[in-house]
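Taken in sequence, the protein lines are chains A and B.
Sequential numbering of the first sequence, starting at 1, is according to the numbering used here.
Sequential numbering of the second sequence, starting at 316, is according to the numbering used here.
Just so you know, these hints were derived from the structure itself, not from any lab.
Keep in mind that a hint or two might mislead.
[Said to hold, decoys possible] Subject to a maximum C-alpha distance of 20 Å in a straight line, what follows is the list of computed EDC-like cross-link-like pairs (lysine to aspartate or glutamate): (1) A/K74 x A/E278; (2) B/K598 x B/D678; (3) B/K523 x B/E332; (4) A/K120 x B/E332; (5) B/K389 x A/E205; (6) B/K389 x B/E374.
[As the list claims (entries may be wrong)] Chain A is faced by these chain B residues, among others (derived, beta-carbon under 8 Å): (7) A365; (8) L367; (9) A393; (10) Y402; (11) N404; (12) F413; (13) G414; (14) R418; (15) F572.
Beta carbons: idealized from backbone N, C-alpha and C, even for Gly.
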Amino acid sequence: MSAADRILAAPSLEPARHSLITRVFIYGLLTLFALVYIVPLVVMVNTSLKPLDEVTGGNMFALPQHLTFQPWIKAWGEARIGVSETAGISGYFLNSIKMVVPAVLISTMLGALNGYVLTKWRFPGHALVFGMMLFACFIPFQSVIIPMAVILGMLGHFGNQLQDATGWSFGLGNSTVNLVIVHVVYGLGFTTLFFRNYYEAFPSELVKAAMMDGAGFFQIFRRILLPNSMPIIIVTVIYQFTNIWNDFLFGSTFAAGDQSPMTVALNNLVNTSTGVTEYNVNMAAAIIAAAPTLFVYVVAGRYFVRGLMAGAVKG
Amino acid sequence: MAFLEIDQLRKRFGTTEILKGVDLTLDKGGFLVLVGPSGCGKSTLLNTIAGLESISSGEIRIEGQRINDLHPSKRDIAMVFQSYALYPNMSVAENMAFGMEMRGVPKPDRDKALASVAKTLQIEHLMSRRPGQLSGGQRQRVAMGRALVRQPRVFLFDEPLSNLDAKLRVDMRLEIKRLHQQTGTTVVYVTHDQIEAMTLATRIAVLKDGELQQVGTPAEVYNFPANLFVADFMGSPSMNLLEGTVSRSGGQANIVFIRTDYAPIVVPAPASADETKLSDGAKVIFGIRPEAVNDSESVDRNAKSVARFAANVEIVEPAGSDTFVVTHVAGKEVTARMRADANVRVGQNCAFAFNLDKAVLFDPVTSRRL
Numbered sequence: 001m002s003a004a005d006r007i008l009a010a011p012s013l014e015p016a017r018h019s020l021i022t023r024v025f026i027y028g029l030l031t032l033f034a035l036v037y038i039v040p041l042v043v044m045v046n047t048s049l050k051p052l053d054e055v056t057g058g059n060m061f062a063l064p065q066h067l068t069f070q071p072w073i074k075a076w077g078e079a080r081i082g083v084s085e086t087a088g089i090s091g092y093f094l095n096s097i098k099m100v101v102p103a104v105l106i107s108t109m110l111g112a113l114n115g116y117v118l119t120k121w122r123f124p125g126h127a128l129v130f131g132m133m134l135f136a137c138f139i140p141f142q143s144v145i146i147p148m149a150v151i152l153g154m155l156g157h158f159g160n161q162l163q164d165a166t167g168w169s170f171g172l173g174n175s176t177v178n179l180v181i182v183h184v185v186y187g188l189g190f191t192t193l194f195f196r197n198y199y200e201a202f203p204s205e206l207v208k209a210a211m212m213d214g215a216g217f218f219q220i221f222r223r224i225l226l227p228n229s230m231p232i233i234i235v236t237v238i239y240q241f242t243n244i245w246n247d248f249l250f251g252s253t254f255a256a257g258d259q260s261p262m263t264v265a266l267n268n269l270v271n272t273s274t275g276v277t278e279y280n281v282n283m284a285a286a287i288i289a290a291a292p293t294l295f296v297y298v299v300a301g302r303y304f305v306r307g308l309m310a311g312a313v314k315g
Numbered sequence: 316m317a318f319l320e321i322d323q324l325r326k327r328f329g330t331t332e333i334l335k336g337v338d339l340t341l342d343k344g345g346f347l348v349l350v351g352p353s354g355c356g357k358s359t360l361l362n363t364i365a366g367l368e369s370i371s372s373g374e375i376r377i378e379g380q381r382i383n384d385l386h387p388s389k390r391d392i393a394m395v396f397q398s399y400a401l402y403p404n405m406s407v408a409e410n411m412a413f414g415m416e417m418r419g420v421p422k423p424d425r426d427k428a429l430a431s432v433a434k435t436l437q438i439e440h441l442m443s444r445r446p447g448q449l450s451g452g453q454r455q456r457v458a459m460g461r462a463l464v465r466q467p468r469v470f471l472f473d474e475p476l477s478n479l480d481a482k483l484r485v486d487m488r489l490e491i492k493r494l495h496q497q498t499g500t501t502v503v504y505v506t507h508d509q510i511e512a513m514t515l516a517t518r519i520a521v522l523k524d525g526e527l528q529q530v531g532t533p534a535e536v537y538n539f540p541a542n543l544f545v546a547d548f549m550g551s552p553s554m555n556l557l558e559g560t561v562s563r564s565g566g567q568a569n570i571v572f573i574r575t576d577y578a579p580i581v582v583p584a585p586a587s588a589d590e591t592k593l594s595d596g597a598k599v600i601f602g603i604r605p606e607a608v609n610d611s612e613s614v615d616r617n618a619k620s621v622a623r624f625a626a627n628v629e630i631v632e633p634a635g636s637d638t639f640v641v642t643h644v645a646g647k648e649v650t651a652r653m654r655a656d657a658n659v660r661v662g663q664n665c666a667f668a669f670n671l672d673k674a675v676l677f678d679p680v681t682s683r684r685l
C-alpha cells in the first residue's frame, strides 16, 4: 500500500471501531447460515460411515465408533433398487452420466449458436424468435409432459421403422436418448438466453473484421466468438449440468426400470417399503448422487458468479 | 476512369435516408478523407464501400468492376476499425495472419508478408503478444498492420485515431501519412476532425446530412468553401462570417459593413467572387479566415487587395505560436490571427487589416459561395 492509499484509507479506521457490533452481527449471521448449510452434509457423511445399529441406536451427531465404508460399497454395488434386478446404484449413475454429458454439450452448443445468430446475424423477426425461446424458460415442467410423451412416442415409432429399414434405430426410442432430447429442448431457452445476452455485449466490429478477413459464418463462430466465450460457457455448463443431473420429473416419466437416471434410482432405493430402512446406505447413495454437481461447482464455481455478472450488467 | 467510383449512392433505413445520392471518385494512390459532423453518414458510406452494409441504390466500382453485391471478403478491401477490432484470443502475429489464413495463403508466404509489414511498422518485438498486452498506439499499429499485410486494393480507415490521446494522435497521423507516401496505396479515411482531414487528404469530401457539400483538394476546400457549412466546419478557429451589403458605384462593387460604434467599413468585393452576381443593395455574407485578418503592419505584403479599419480589442488569446485577437465588426465576432508578440491589449483601439485576396462571399439565402 502506498502512502497515498494509507491516507485515503485512514478515515475508514475510525468508523470501524464504531461498527464492532455490526461486524459481530454480520459474522454471526454468516456463521449461522454456513452452519445451516453444512450441518445436513455433516450428518449425511457421519451417518454413512456408521454401521446400521449405531445409526438406529444413537445420536445422529455422534461420531462413528466403528468406522465403516460398508454402506458406500453396498450403495454403489449391492443395494436392491426398487423391483429391479440390478444391484447398487452404479448402473444408474452411469445412466445419468450418459444422459447428462451429451445433453449439456448439445444444449450449450446450440445455445451458443442461437445467441450468435440472434445478435450478429440478425434477421427480420429476430426479437420475436428470441421472445418465444424465452418462453421456454417460463413453461412449467409438468405442462409439457404429455405433449412430450406423445412426441417421444412418435419418435420411438419412427425409430422402429428405421430399425426395420436400416437395421439401426439411431437410438430413437431409447430412454437415455429420449431424456437427452427432452433436456436439450427444455434447456435451449436458458442456454440461448445466456449466450444471447453475452454476445449482445460482444463487439460487432470483431465480427465485421473477421468477415472482411474472409472468415465464413462458422469460422467466425469457432475462431472468434467461442474462444472469447469461456465465462458464459462455464456458466451454461454448470447451470445445465446441475439442472439435468438433478431432474427427477422427466427422468421418472420418460425412463423406465434399469434405464432410470440416478435421481430416480435414489428415490426407489430410499422409498422402498420392504425390510429395514438402511439409513447409512441411503445417505451414502444420496452423497454419491450429489457428488457430480458438487464437483462441477468446486472446479468451475468461481467462474459462475463472474460469468453471471458479465451477462447481467450488459445485455 | 477513376480507380474508385461511387455513383448516386443511396442508403435508406426504413423511411430515413442516410445517404442521399453521393457521387465520388478517387484515383489510384489517392487519399480521400470523408469528413463531417457526427451523424452525417460518413461511416455508413465507408461501410457500404466495405460491403458491411447494403446499399439501397447506386453503384460502387473499383477499377471499373461493380462491387455492389460482392461479399466484403471478395472486394479486396481492408479496413481499420475505430476500436481496432483486434481478436483478443489471438497473438499479434495470428491477428495479422488471420486474413491470409482464411484465404488459404501458404504458411511460408504468410510469414514472409508478416515479417516485412512488422518491419515497416516497427512492431517486430510485439508479434507474440496478445492485444490486451498492448498500449493504444501499439494496437493502432497492429490494426494497420493487419490491413497492410493483405495488400488490398483499397484501405478503409474508420476514425482510427479517435481513441488515442492528443499527442499520440498527432504522432500516428504523421505515421499514416508516411505510410501512405511509402506504399502509395489508395485510402478512404473517415474522421470528424477537420485537422486530420486537412493534413492527410489528397481529396476531401465534406458531408452533411447524407449529402456531399464539397469535394476537392484540401486547399480548395479550405480556401474556397462551396457553402457556409463547409466554411464554418473546416478550419480552427473557424472562418469569420460577417453580414454586409453590396454597394455598386461606377462598375465597381463594394461590400459595406454597417457598424453602430464606428463609421461603416467599405471593402472592395473579393476577387474570388463573381462580380456579375453582386447586385446593388444585395445582402451577402463575407467570409474571411482568421489568418487573413491581421494587424495593420503584419498583413501579407504580397496581398493585392487589403482593407484596413479600426476596432476595439475584446479578447486576447495567446496560443504560443500566434496570438488570437477577438473584436466585433457589424455585430459579429471577428477573430484575427496575429504574431505571437503582437502588441495588443484588451480595450485598445487597434488597426486591423483584411487580406481580401483570401476573402470569399456567400449568398445568405442559398448559403452558396458567390
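Hints, verified against the model:
The hinted pair formed by A/K74 and A/E278 meets the criterion: a straight-line CA distance of about 10 Å does not exceed 20 Å. Taken as a hint, the B/K598 and B/D678 pair is honoured in the structure, with Cα atoms around 7 Å apart against an allowance of 20 Å. Taking the CA atoms of B/K523 and B/E332, the gap is about 12 Å. The hint holds against a cut of 20 Å. Pair hint A/K120 plus B/E332 does not hold up; C-alpha atoms about 24 Å apart against a cutoff of 20 Å.
Between B/K389 and A/E205 the CA atoms are separated by roughly 18 Å; this keeps the pair inside 20 Å, and the hint holds. For the hint pairing B/K389 with B/E374, the CA-to-CA distance comes to about 16 Å; that is within 20 Å, so the pair holds. Taking 8 Å as the C-beta contact cut-off toward chain A, the hint placing B/A365 at the interface holds, the least distance being around 6 Å. The beta carbon of B/L367 is positioned within 8 Å of a beta carbon in chain A (closest approach about 5 Å), and the interface hint is therefore held.
Because the smallest distance between the Cβ of B/A393 and any Cβ of chain A comes to about 7 Å, under 8 Å, the interface hint for this residue holds. The interface hint given for B/Y402 is met, as the beta carbon of that residue sits about 6 Å from the closest beta carbon of chain A, less than 8 Å. With a cut of 8 Å, the hint placing B/N404 at the interface with chain A holds, because the nearest CB-to-CB distance is about 4 Å. Annotation: interface hint on B/F413 holds; nearest CB of chain A at approximately 5 Å, less than 8 Å.
Here the hint on B/G414 is kept, as its CB sits about 4 Å from the closest CB of chain A, short of 8 Å. For B/R418, the interface hint holds, the least distance from its beta-carbon to any beta-carbon of chain A being 5 Å, beneath 8 Å. Interface restraint check for B/F572: the shortest CB-CB distance to chain A comes to about 50 Å, outside 8 Å, so the restraint is violated.
Checked against the numbered hints listed earlier, the structure breaks hints 4 and 15; every other hint is satisfied.
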